[in-house]
Amino acid sequence: MDVLGYDFMIRAMLAAVFTGLAAPVVGTYLVQRRLSLMGDGLGHVAVTGVALGLLTNTSPTWTAIAVAILGAMLIEVIRERSNGGGDVALALLFYGGIAGGVLITGIAGQSASRLQEFLFGSITTISVDDVWITMVLAAAVMVIGLGLGPQLFTVAQDQEFAKVAGLNIRAYNLLLAVLAAVTVTVAMRTVGLLLVSALMIVPVATAQQLSRSFRATLVAAMGVGLVASLGGLLLAAWASYDVPGISPGPTIVLLALAMFAFTWPLGAWLRYRRRQRVPFNELPPLAHHTTGEHPHRHGENCGHAAVPHGDHVDYLHDGHRHAVHGEHYDEH
Amino acid sequence: MLNDDPVLQIVDGTVPIAGRPVLRHVDMTVQRGEFVALMGANGSGKSTLMRAMTGLRPLSRGSVALFGTPLSRFRDWHRIGYVPQRPSAGGGVPTSVWEVVSTGRLTRRRFMRPLLPRDRAAIREALEVVGLADRHRDGVATLSGGQQQRVLIARALAGEPELMLLDEPTAGVDLPNQQALASTLATLKERGVTVVLVAHELGPMAPLLDRAVVMRDGQVAYDGAPLADHEVHGPFFGPGHHHHHQESVRPHLDHVPPVLSPMDAAHEEVQP
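If you read the sequences in order, they're chains A and B. Heads up, the first sequence is in the numbering used here, so the first residue is 1 and it goes up one at a time. Heads up, the second sequence is in the numbering used here, so the first residue is 333 and it goes up one at a time.
These are computed hints drawn from the structure, not numbers from a lab. Where is the CB? At the ideal position from N, CA and C, for every residue including glycine. Check before you lean on any hint, since a few could be wrong.
Below, in silico cross-link-like pairs of lysine to any residue (SDA-like), each with a Cα-Cα straight-line distance of 25 Å or less [unchecked claim]:
#1 Lys163/A <-> Val178/A
#2 Lys163/A <-> Pro353/B
#3 Lys163/A <-> Pro390/B
#4 Lys163/A <-> Arg456/B
#5 Lys163/A <-> Gln341/B
So the derived label-pair ranges between C-beta atoms look like this [as the list claims (entries may be wrong)]:
#6 Ala503/B <-> Ile246/A: 55 to 61 Å
#7 Ala503/B <-> Ser59/A: 34 to 40 Å
#8 Leu146/A <-> Asp337/B: 38 to 44 Å
#9 Ala171/A <-> Ser395/B: 23 to 29 Å
#10 Gly351/B <-> Ala91/A: 46 to 52 Å
#11 Asp337/B <-> Trp132/A: 54 to 60 Å
#12 Arg271/A <-> Leu447/B: 26 to 32 Å
So that you can see chain A by itself, here it is in the shape it has in the complex:
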């Protein structure tokens, strides 16, 4: 029952590792710029590219890349022209992309199931050539995305400051859009065009539950992406012995979402705790109020948060701040 022995499985694992690592790199910059849905849009546009490949009998991967890059540039132009409010124009582009794709596939005389390979992924039928393309493009995305990290981060962080720092912000915006387009087509074989964005965004959403810096988010998102894509692939492969019909694409995405579902409450709790423990201002209390009879002694394990307040700590107790004062507690 060793799935690892098959050649197609080796190829699939290579593709999964590379896409799982590369997609969150671009995704982190997209989330930073609040463009989480851009990958989705590019995925829709790439459907037309795939269909053009099927129609002209050329490699759907290359036509998808070409069309997705064109789409990315168009989105960037619309965004720049419409001053940030171009979401309707973007939506029109997305619908045009998927409608055009379905129409052209029909004209090409291809069945819907052929298109479905690209819509929902077919990582286990990936060819040797496609594995090479996937690995080279994913490596390129990672080299550019990490190597130009300082520039891309600065532009994503504050466009005006970046411009006054002498960066060509239009070029970097375009670069990020092109990276997103390439990532979309790279991940197309792994999880499919309709789920591409999940592999870019969900790992970032998972990572930032626990991280406090951009770099930590980026690195952790790559880890989550890797675990999700490789783990999802293997999980689907093993599970399909028992339940035929389990495909890797949705398994990968659901595994990533499960990781998010696991970290989100943890992150929410950590944020709550961090916020609660922010020291109080070092102002003296307005008057000396003491608490009445106090039910217990505050201490390390009393269950009440201890917050620094000048030279002592206040214990948070039912909306009150209790500070030790000799044998009793003061209201601070």
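Chain A is fixed; fit chain B onto it per the hints.
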């Protein structure tokens, strides 16, 4: 590079926004080491003037020169430290104070090279000058509005600039933070850094001033010795605070995307 070139010179500067002339025939020169405040009412064009000086707003007439070089050919961006009007720290990914400040070092870094010890030292020093060295690992979003403003100043300082341009650094900042800001600027002034800032009210920065430039209706109305806050809002420099029709006619002159204000409200809640 000649040392007696003015640090900043704008000649016959005219800037239209959406077809309306917002800045009209402005001439202004700043010499090395000066501390200049651009003042004036809302909509007088003071922020637009600052943005024209940085190249963020293209001129339709006239010219801007930085350190004697026309803006179009200016490449020594590390000599400029720009502090935009309001923290745009609201990205979707948590970002540490250190990371934001380190982007200010980009103008001095070589392409595709990691941070050198020299860069790290400059970032640390910038954080110390604004008094946030102990918060460098914290997320920017967890800081108060005034502290975020100081982070942006540290970011500009990290590039070790010769000219600091600050757009309304005191807007919406409480008095203790304004005082922290003033002492930071005093440090810079001692080091010989040229400072140009846009301010509605000077507050604790008033003693630092060498010169005030007051804008009125897109033109320079006054350029000379420092003025007290109330003089700037006198009848001559109007439109005063009761001329609200002036503001409503003009298209959106402050450059803050309004989306950012809910963030500030969130920070207030964090404050005890």
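Taking the hints in turn, this is what the structure says about them:
Restraint check: the Cα-Cα separation between Lys163/A and Val178/A comes to about 20 Å, which is no more than 25 Å; the hinted pair holds. About 23 Å separates the Cα atoms of Lys163/A and Pro353/B, which keeps this hinted pair within 25 Å; it holds. For a cut-off of 25 Å, the pair hint linking Lys163/A to Pro390/B stands: about 13 Å separates their Cα positions. Among the hinted pairs, Lys163/A with Arg456/B is consistent with the structure: their alpha-carbon atoms are about 24 Å apart, no more than 25 Å.
For the suggested pair Lys163/A and Gln341/B, the alpha carbons sit about 20 Å apart, so the restraint of at most 25 Å is met. Our hint of 55 to 61 Å for Ala503/B and Ile246/A holds, since their Cβ atoms are close to 57 Å apart. Taken as a hint, the range 34 to 40 Å is violated for the pair Ala503/B and Ser59/A, whose Cβ atoms sit roughly 56 Å apart. At roughly 40 Å, the beta carbons of Leu146/A and Asp337/B sit within the given window of 38 to 44 Å.
In this structure, Ala171/A and Ser395/B meet the distance hint of 23 to 29 Å, their C-beta atoms being roughly 25 Å apart. Taken as a hint, the range 46 to 52 Å is violated for the pair Gly351/B and Ala91/A, whose Cβ atoms sit roughly 30 Å apart. Between Asp337/B and Trp132/A the CB atoms are about 56 Å apart, so this pair conforms to the stated range of 54 to 60 Å. With their beta carbons about 28 Å apart, Arg271/A and Leu447/B fall inside the hinted range of 26 to 32 Å.
The structure does not agree with the numbered hints 7, 10 stated previously, though it agrees with the rest.
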